[in-house]
Amino acid sequence: AQTVTQSQPEMSVQEAETVTLSCTYDTSESDYYLFWYKQPPSRQMILVIRQEAYKQQNATENRFSVNFQKAAKSFSLKISDSQLGDAAMYFCAYRSANTGNQFYFGTGTSLTVIP
Amino acid sequence: DVKVTQSSRYLVKRTGEKVFLECVQDMDHENMFWYRQDPGLGLRLIYFSYDVKMKEKGDIPEGYSVSREKKERFSLILESASTNQTSMYLCASSLYRYAEAFFGQGTRLTVV
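Order-wise, the sequence lines are chains A and D.
All residue numbers for the first sequence refer to the working numbering, where the first residue is 4 and numbers rise by one.
All residue numbers for the second sequence refer to the working numbering, where the first residue is 13 and numbers rise by one.
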């Protein structure tokens, strides 16, 4: 089974500053998908951004962008101009394009935004 | 918008009870999932279903079963609830194997 590692259980950032959340994964596959999910205190998990492994270009969604390093099996999330509403638990997830259907999640990073 | 609805946000059940957690999605998704979320452990897959009446065990299926009689509904069953099944349960669905998952709001289950 693939493993996804988030080595930062907690992070904090000053409002309007930039923060980077780390994620590494272990796989022998070449075709897969990576996701970042946000879980605010309301508990609803929502998709922040996705990256296809075959694409070299890093995905961006407004203030959210990723640094995808396929050879290093690294997938970090950068949040620019942090806002109070960004405070949440963030989960990195992996999904194979070939084998099985399940998602593999990391243990999460709790982000605090300091006003 | 895709909507995944879990029948309860909070449940309190007694040890030994049979518990049903229901999940309904409104977007004709083939894949549906049940996850358990515990602090420090992330999300762990209990079962998933890739079509009606089809199911596969995830990483922690012991003590659980599932039912998918209709495409839109995926039920998680705790055959005989135990205190170590006190947890947050998340249901999710996705359109096909490459797609992102959409989640329900979660059910906080407490077994006393």
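Since the hints were derived computationally from the structure, they do not count as laboratory data.
In this text the structure is predicted, and so the values were computed from the model without any measurement.
Ideal Cβ placement from N, Cα and C applies to all residues, glycine included.
Certain hints may be false.
To be verified - Partial list, derived from the structure: chain D residues whose beta carbon lies under 10 Å from chain A: (1) 28; (2) 32; (3) 51; (4) 52; (5) 53; (6) 68; (7) 73; (8) 80; (9) 83; (10) 106; (11) 110; (12) 111; (13) 120.
Discussion item. Tell me the hint numbers this structure goes against, listed in increasing order.
Written reply: Per hint list: 1, 2, 7, 8 and 9 violated.
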